[in-house]
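Starting from the known structure of chain Z, fit chain V onto it as the hints suggest.
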Amino acid sequence: EPEVTQTPSHQVTQMGQEVILRCVPISNHLYFYWYRQILGQKVEFLVSFYNNEISEKSEIFDDQFSVERPDGSNFTLKIRSTKLEDSAMYFCASSGVGSYGNTIYFGEGSWLTVV
Amino acid sequence: LAKTTQPISMDSYEGQEVNITCSHNNIATNDYITWYQQFPSQGPRFIIQGYKTKVTNEVASLFIPADRKSSTLSLPRVSLSDTAVYYCLVGDRTGGYNKLIFGAGTRLAVHP
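First to last, the sequence lines map onto chains Z and V. Numbering (our numbering) for the first sequence: 123 to 237. Numbering (our numbering) for the second sequence: -8 to 103.
Please note: incorrect hints may appear among the correct ones.
[Unchecked claim] Dumping the calculated DSSO-like pairs for lysine-lysine here, alpha-carbon to alpha-carbon at most 30 Å:
id : chain 1 : residue 1 : chain 2 : residue 2
1  : V       : LYS43     : V       : LYS60
2  : V       : LYS(-6)   : V       : LYS45
3  : Z       : LYS200    : V       : LYS90
4  : V       : LYS90     : Z       : LYS164
5  : Z       : LYS164    : Z       : LYS205
6  : Z       : LYS164    : V       : LYS(-6)
7  : Z       : LYS205    : V       : LYS90
8  : V       : LYS45     : Z       : LYS164
9  : V       : LYS90     : V       : LYS45
10 : Z       : LYS164    : V       : LYS43
11 : Z       : LYS179    : V       : LYS(-6)
12 : Z       : LYS179    : V       : LYS60
13 : V       : LYS60     : V       : LYS(-6)
14 : Z       : LYS179    : V       : LYS90
15 : V       : LYS60     : Z       : LYS164
16 : V       : LYS60     : V       : LYS45
Since the hints were derived computationally from the structure, they do not count as laboratory data.
Bound-form chain Z, shown alone:
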């Protein structure tokens, strides 16, 4: 079964450092997403991406965040200057186009710890 893959699985970074989380969406999917989940809290939508541009972003996705699809297979989330409150599990997801709706499939997550 096709799956969304994410790297790294876990990253520890110093506050103020830049972090890039990487994702390989399912190969024929066209829509890409980042979600995050702070420990013990809900899964939160960050951003959606289609046709090389952001479709929608949440209030969480401020100027410190950016996304990019640098080539035909990768989708990245960059946090420019990490804060302690950025510590969370970050999930990449993707969806395709289908006649019966478009299921979103999630990766296993990248656990980011900011110290």
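Relative to chain Z, chain V alone:
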């Protein structure tokens, strides 16, 4: 996006059938209903999706009444490994893009 309401937690025993009901009174005509399962420190895993009536796959069934204001996820003969958080989500799927808004989900605990 339609708001969903589901029980915060449920308990069951191995071998029992578990039914988790979700209400979505403001569901729109183009909205689909999707259920995800999440284990600790893992990404949400798609379980089942439906628009109306009944949908069944190898892991679950989804029952949707005619008014579509609620839906019930049915897990037959649960095992300890079904202990997880289950999310009911509603969203427009007719176009290519859809955004999912997660609630708190239902925390299912399966006991021996």
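(request) Return the numbers of the hints above that this structure violates; sort them in rising order. (result) Failing hints: none at all.
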